[in-house]
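Participant: Chain by chain, the residues run as shown.
Protein chains: 2
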Amino acid sequence: MGVMGEAFTQLLIPVAALVGIGFALLQWLLVSKVKVSADSDLNNGYSDRLIEEEEEGIDHEDVAAKCAEIQNAISVGELSLSPSLWFEIPEGQPHFCLPSIGTLASSWVFLVPSFSSFSVQLRASAPKVSLALITQAVYIATYANARTTLEARKGVGKAFIVAFRSGAVMGFLLAASGLLVLYVSIHLFSLYYGDDWEGLYESITGYGLGGSSMALFGRVGGGIYTKAADVGADLVGKVERNIPEDDPRNPAVIADNVGDNVGDIAGMGSDLFGSYAEASCAALFVASISSFGISHDYTAMSFPLIISSVGIVVCLGTTLFATDFVEIKNVSEIEPSLKRQLLISTILMTAGIAVVSFFALPSEFTLFNFGSTKTVKNWHLFFCVSIGLWAGLVIGYITEYYTSNAYSPVQDVADSCRTGAATNVIFGLALGYKSVIIPIFAIAIAIYVSFSMAAMYGIAVAALGMLSTIATGLAIDAYGPISDNAGGIAEMAGMSHKIRQRTDALDAAGNTTAAIGKGFAIGSAALVSLALFGAFVSRAGIETVDVLTPKVFIGLIVGAMLPYWFSAMTMKSVGSAALKMVEEVRRQFNTIPGLMEGRAKPDYATCVKISTDASLREMIPPGALVMLTPLIAGTLFGVETLAGVLAGSLVSGVQVAISASNTGGAWDNAKKYIEAGASEHARSLGPKGSDPHKAAVIGDTIGDPLKDTSGPSLNILIKLMAVESLVFAPFFAAHGGLLFKLL
Amino acid sequence: MGVMGEAFTQLLIPVAALVGIGFALLQWLLVSKVKVSADSDLNNGYSDRLIEEEEEGIDHEDVAAKCAEIQNAISVGELSLSPSLWFEIPEGQPHFCLPSIGTLASSWVFLVPSFSSFSVQLRASAPKVSLALITQAVYIATYANARTTLEARKGVGKAFIVAFRSGAVMGFLLAASGLLVLYVSIHLFSLYYGDDWEGLYESITGYGLGGSSMALFGRVGGGIYTKAADVGADLVGKVERNIPEDDPRNPAVIADNVGDNVGDIAGMGSDLFGSYAEASCAALFVASISSFGISHDYTAMSFPLIISSVGIVVCLGTTLFATDFVEIKNVSEIEPSLKRQLLISTILMTAGIAVVSFFALPSEFTLFNFGSTKTVKNWHLFFCVSIGLWAGLVIGYITEYYTSNAYSPVQDVADSCRTGAATNVIFGLALGYKSVIIPIFAIAIAIYVSFSMAAMYGIAVAALGMLSTIATGLAIDAYGPISDNAGGIAEMAGMSHKIRQRTDALDAAGNTTAAIGKGFAIGSAALVSLALFGAFVSRAGIETVDVLTPKVFIGLIVGAMLPYWFSAMTMKSVGSAALKMVEEVRRQFNTIPGLMEGRAKPDYATCVKISTDASLREMIPPGALVMLTPLIAGTLFGVETLAGVLAGSLVSGVQVAISASNTGGAWDNAKKYIEAGASEHARSLGPKGSDPHKAAVIGDTIGDPLKDTSGPSLNILIKLMAVESLVFAPFFAAHGGLLFKLL
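Residue numbers (the numbering used here), protein chains in the order written: chain A, 1 to 743; chain B, 1 to 743.
In short, the hints are calculated from the structure, not lab data.
Hints may contain errors.
Calculated lysine-lysine pairs in the DSS-like style (CA-CA distance at most 30 Å, straight line) [what the hints assert, rightly or not]:
1) A:688 - B:694
2) A:238 - B:694
3) B:688 - A:688
4) A:377 - A:158
5) A:580 - A:601
Keep in mind the model is a prediction, meaning the values are calculated, not measured.
Go ahead and model the full structure; you've got the sequences and the hints to work with.
Facilitator: Given below as structure tokens:
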């Protein structure tokens, strides 16, 4: 037994969760104090004027009213999206059957091996919790868009704080609610299971599957949504009609803004939420069959939840550094401030982990290790959690190095635009390939240390360590799309050049933090899916996964192929969905009289509907690939081949995901580097419209589906296949491998 | 014992090899009958005029003289390349130390575990044999270039036959000499080893390492050479000076032509030769410790060599279908004729395998299987060899489907050029990803069947099956660059439009067959490196390679990263080398008076020298990565981690290689599709210079390094690391894993 008593633990977890939720609500309250004035019924005619410091001859009331109008349009867009995305799917979409069949089948098989119906309900509850939170997060983001724009009139610092606080609302809400629901579920379930902890925590794994299924919608569907709208809006607006980006005359512009929130906020949020739920469940399950569970040491058993609790408190302190302790006065301070968030939270968290490792855990205990047991000391677990945490920081910083235009890699890519789009693409691809090296070494070291010290439990808590600062991670990640849309609204509302410059600076920093967020998401997905893989292997009763057997090897090579298949599908999906959008935007320009002249309003809602419908339809093939592969591999080829498939897709998918995200991020920021023209070198490549800039725009367009759809979606591929295999493991072990039995 | 006696086997192998060599010489004789007339000293003023059917007012003597002059320049270019590439490296290039150190270290460690100095000599002999053959092949190709151009004046059929015969010279020379040297070596070695077959065949494995080291130069160095020259020539010539491709005023044009021969002929030839040598050695080594070796059944022991012997005879028959049985009268018959070669050779070979499997092998025998033995029947081996052969055909045909502009995938990519370069790149990348699926399934099935039936011996003979039609494969592969250069020479010699059309048609078919050749090379590399991996594991005394141990898993994930690192390096190498070429070409245009007006001759030799020096210097970093990774992984982390690295790089590298090659091939042919304008759809995208065509050119330029340098070079990565590990296995097993011992 550790020093920390059960009573203290029972108090710490819910209190930390509630503090996190309270902090989120407080941030929201502070954001809501910025009033958007307009005569729209959303705001009931409320009309509190802002102190406008330095507008340049633009009608202020008109500007604020326009902001309100645009925000309203975005909200309507999200209203039209959310219900169909989250609720009405099974009724409204007959094509949607395939993944649903997978889920249904999974529910069915899940019931077979004598599990309680509790777990099924819990699995159903996780997507609902995730859904409620993410819907909320998308609304908050929208809510923050116009407010950030309006605050930008007062100065860059004020705008930064609004954007960052709004991001923090989402970060804390997700992290704290995730923890709270897990805590409450465990207590509710224990009423049924009593002292059967193995049964209790096995049923809790349903929460992980639920979280991941939701992420499939958020990441894949959201990724298709956002890029269909973005590419569609650009191809007709910028290329054919020659109107600027974010111009309100473009019918797809609202869909584009909605897409930023859906893809970057709902996608990232559901992805990280899924990772968090899965890592916790994997750790809890392994612990329940180890000495913690057998000796009924409640505090040690709750170690994963305690880490998350400490994480919420640490992130709360970290957030104050950005919003209260230090004030941003200058554009150049934005990016360092966001980066500092990562470093502060990591340092504080390391201390926090040390404290809980020594107080919550017994000094020595045994852990389950593929059939055998392994003796572990409490400081081992301190290293496991910390190495995950620091590996995350390394991945974040390396990602920043390769995607921020403050460093030479992106500047070299920008420079290569001199000789045209082809060299830009070649250099960008090479940059993405190169950016894989150090993150993979960081992940490999984290895996080696945690695996050697504490077997699969070590991997699971390393993943939790990386995710322990999830609230801060999500806050700086959500900050990106909020600033992006704030800039869009400023453009649409016809605000002054000065304000646009401020929102552009906020946005550029957001691009880099978004890349960092993707790095985190991929790194944690790798650790989580390895932990789930270990849990699958344990549950399926496999002793070794030997590459030197044909069953495993063919699984490995086919598994390594899946990320390519999946990426081909998602890239094609974006293409098809964008094509539909192009047709609709062209139709509106051709049939609505006065649209180009700004006399008539475009039909934003139809474009939103097209993006919504297309994303739902187009996510079926990749979704089916993810859901059906474990079923087919397990049923026809058995658990050994399936283990090979999981290992192969994991080690290959991580590389494709990192390189795709970083290549895309680098192209985006290379373009921004030329546009901003902040250095002598950058000005020699510009200005907007020059040949190097045109080459950079081509790279940026290629990068869009890579970095926002196909790359991050691979996280879902590797996690969801692993968790699905875990759930089906007993079935596959008993009845799988039909094909080999027949031969 | 099989039905076939030892005496017959002793006769069959050398006779088949000599027949192959004789056939190659006959083909050469037939090609040499086409006389290139010129006053250059190369031809001693010989001046036999051709029957010129349909020239259009162009001075025939002048044209032929120009052809001779250009061929002479290319030959001089190759003379300046070959010695420095193949012989003078260690003396002339101090930078070259790194890979040399690897080779030296390898020789040293190889000597330590009581091996005879024979094997070292043999290892040294393999590169020399390979070198001699490949130098020869490059000369033949050059020799054929101008002759193909001149024959094109008589008709497309005549030109096709010259180009194809020249390809066959290389194919048969490589296949037959490789077999002969192996046969002679075994007999020479047996004088020393006597009845110690295990020692004899273990020492023969040195042949495999030698073959692969040579391939490192051919593929990586050759790949950098050809693309540096190509990109350099295009960037200054086509873009800056606005002169056509292959214009003789461009100083880099000869380097470009030399590069086609070096990259596509020397690269492919050394790669496939390496695969052939390694597969044979791996099969022989495993057989020597199995019942064939123990019972001293010479015929069964020589099964791998017998397969190759039959392959030569089969390919000889197949070649006659292209050159003698069927006459090509029309441009549209070229591609089907080349494809038919693959099908005919595969069908004939299947019959051949059946015959030798039933006559050369005992009906039942035992094979070594990771420490245990496995009972195998002769029809099992028939299936192993055949499935490799047919998997090769499937890969070839799928590659053709995805890279030929006769089918919808490439046409869709061409169509995507309508919306610009960005969509072209996105569609091209997605095509490459998609083209991986079926080849991986084909490889997986081949691995499963051969692995299950005959363990690692099965994999090795499956690889030999795929390579058994190597003579035909190389013939149709070498046909590509020969036709390409024939077209270049026609342009440079100022021949008529009609002749240029004919050589273009030959070239377009060559592009597709080159892609097929790459598919074969990758597929066989995968099987070969798996066989070598198995041999390494056996020699290192590892019983299982369990993914569920941290040592193996970190090896797996880092190994899966290596292809990305390697590709980033090779892509950057092409960039740097091309930049040097650009500077030199610019310098010549600026300093040589009258060059642009055609009054002065450019200094071709300096450009050739730049490409040569740059390719040698730039191949050092990727070469060092390949050579040092097994040494570092084995010494510091031990054999388990190294096994993980090999498996990871194999399963990940195959995907990257296939997708890169096919993406590049598709872009190239999409551009050609628009330029040729053979259909209504193609014409709607053209003509040359239209916006879609410009977008297609960008894709083609991006694809160049992917398909000709970074993609195919990965074959070398996976094979060379495996064979190096095999050679070092006893050392690593005894002394490796220092880091883990210290911790």
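Participant: None of the hints should be skipped; say for each whether it holds.
Facilitator: Evaluation of the provided hints:
Note on residue 688 of chain A and residue 694 of chain B: the hinted pairing holds, with a Cα-Cα distance of about 21 Å set against a maximum of 30 Å. A distance of roughly 19 Å separates the Cα atoms of residue 238 of chain A and residue 694 of chain B; the hinted pair therefore holds under the 30 Å criterion. Note on residue 688 of chain B and residue 688 of chain A: the hinted pairing holds, with a Cα-Cα distance of about 28 Å set against a maximum of 30 Å. This hinted pair does not check out: residue 377 of chain A and residue 158 of chain A have alpha carbons roughly 48 Å apart, beyond 30 Å.
For the hint linking residue 580 of chain A to residue 601 of chain A, the alpha-carbon distance of about 20 Å falls within 30 Å, and the restraint holds.
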